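Asks: Sequence:
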Amino acid sequence: MAIEKIKMPQLGESVTEGTVSSWLVQVGDEVNKYDPIAEVLTDKVNAEVPSSYSGTIKELVAKEGDTIEVGELMCYIDTGGEAEAVEEERQLVSEKTEQEEAKPATDQSMKKRYSPAVLRLAQEHDINLEQVTGTGKSGRITRKDVEKIIASGKIPAPSKEQPDSKAEEQVSQQPAKPSAAPKPDTYPGDVEIPVTGVRKAIAQNMVRSTQEIPHAWMTVEVDVTDLVTYRNAIKDDFKAKEGYGLTFFAFFVKAVAQALKEFPQLNSTWAEDKIIQRKEVNISIAVAKEQELFVPVIHHADDKSIKGIAKQIHELAVKARTGKLTADDMKGGTFTVNNTGSFGSIHSMGVINYPQAAILQVESIVKRPMIVNNMFAARDMVNLSLSLDHRILDGLICGQFLARVKAILEQMNAQTVNVY
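Mapping the sequence shown onto UniProt numbering, position 316 (from 1) lands on 316, and the numbers just tick up by one.
Do not rely on the hints blindly, as some may be mistaken.
Stated by the list, open to error - Across the chosen pairs, the derived CB separations fall in these ranges: (1) Gln400 x Leu24: 28 to 34 Å; (2) Glu212 x Ser52: 46 to 52 Å; (3) Lys144 x Gly80: 45 to 51 Å; (4) Lys183 x Asp236: 49 to 55 Å; (5) Gln411 x Pro369: 19 to 25 Å; (6) Lys183 x Val372: 39 to 45 Å; (7) Val372 x Asp35: 55 to 61 Å; (8) Ala2 x Glu212: 25 to 31 Å; (9) Gln411 x Gln123: 48 to 54 Å; (10) Ala216 x Ser345: 37 to 43 Å.
Source of the hints: derived by calculation from the structure; they are not laboratory data.
Keep in mind it's a predicted model, so treat the numbers as computed, not measured.
We put the CB at the ideal spot given by N, CA and C, even for glycine.
Please put together the full structure from these sequences, using the hints given.
Replies: This is the structure in structure tokens:
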């Protein structure tokens, strides 16, 4: 068919919907395959949606600000044929939507899985989600469902029946609802900055992580004197040959990837009735761009050399800072390593990158006096701070993992490590 549909793509693991923040094209615009046509905001990232075809934009079905599920229609594009099919396709979609809305879903397995946007709206308007009929896949309650209720003014009243076992279950399914805190006062000279875009997505994701994941923390101190000596000796020659820097962070990512192969428990995801241990070791790293934070992924980090990891870090950082990160760059992360040391931090407690099981903070390398062979010596020391999902992990396995990372790093020197 000459008229093709462009749908909301899968923009990341566990991402089920996205908000169209802006269209980059208008009706009548000519686009080539892979040209960006829209910016979409999810609870993980602000990403561009590329065109799947070359042709002319015929109709923008989704409006800016609309939140739609993965796989739902965004727009039509004419790839060279008859235009009449647009209306036919639109009618088919409309009829299908009406039929689905009229017919209550029998599969309700997703009804109690709420997105951050749904939870936030429900809390703000005191809506009992148990009394909301979801029109999403398998009964999932979408943002549109909640917004429709708010617009109608018919907000379901809380049940006044005596509490029973079902009600108790309902309470346990929903996150603790904070009491409505008064908004802070503003005074002359204060600057009010709207929370939008990536900052809003970061806030929602952090709230979800802290509400759903029981965090615990561990820290070890590592002597990386030999590693510092080795890296400093070769960094200038490396940059001259390769065209990008050899950072300490590449060595840390390599050590973590190696340890994760030996301790796959940390390379896991909580899935309610089971724990999924990931085969692939895909390391998420945090890259800041002004007020935005992106978490691209080094895929198959365990298969890469230190040079390969350094190159990937450089390329992802450049992409993030030039707005060229793709959805593929962002998805599939199984464990996060965060370079907080680049800001001079010596100790921090990271929030786990949902739905991963842990995050490791690599702090600043500091030269300190240490006792070696009963004598004071100047050594290069670094703290590694691990945040763990206590549903999946406990202190024993995490202590063993950190001890292994520490041993790998302390053994890195000119005789044991080849960056190539």
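Asks: Falls inside 45 to 51 Å, the C-beta gap from Lys144 to Gly80?
Replies: Roughly 33 Å apart at Cβ, these two residues miss the hinted range, so it is violated.
Asks: Hint says 37 to 43 Å; check whether the CB-CB distance for Ala216 and Ser345 agrees.
Replies: violated (20 Å)
Asks: Taking 39 to 45 Å as the hint, is the beta-carbon distance of Lys183 and Val372 inside that range?
Replies: Roughly 56 Å apart at Cβ, these two residues miss the hinted range, so it is violated.
Asks: Does the Cβ pair Gln400, Leu24 satisfy 28 to 34 Å?
Replies: With a Cβ separation near 49 Å, Gln400 and Leu24 fall outside 28 to 34 Å, so the hint is violated.
Asks: Between the beta carbons of Ala2 and Glu212, is the distance compatible with 25 to 31 Å?
Replies: violated (46 Å)
Asks: Does the Cβ-Cβ separation between Val372 and Asp35 fall within 55 to 61 Å?
Replies: holds (59 Å)
Asks: Is the hinted range of 48 to 54 Å satisfied by the C-beta distance from Gln411 to Gln123?
Replies: holds (50 Å)
Asks: Range hint 49 to 55 Å: satisfied by the CB atoms of Lys183 and Asp236?
Replies: holds (54 Å)
Asks: Does 19 to 25 Å hold as the CB distance between Gln411 and Pro369, or does it fail?
Replies: Check passed, 22 Å falls within 19 to 25 Å.
Asks: Kindly confirm whether 46 to 52 Å is satisfied by the beta carbon distance between Glu212 and Ser52.
Replies: Given about 34 Å between the Cβ atoms, the range is violated.
Hint violations for this structure: numbers 1, 2, 3, 6, 8, 10, all remaining hints satisfied.
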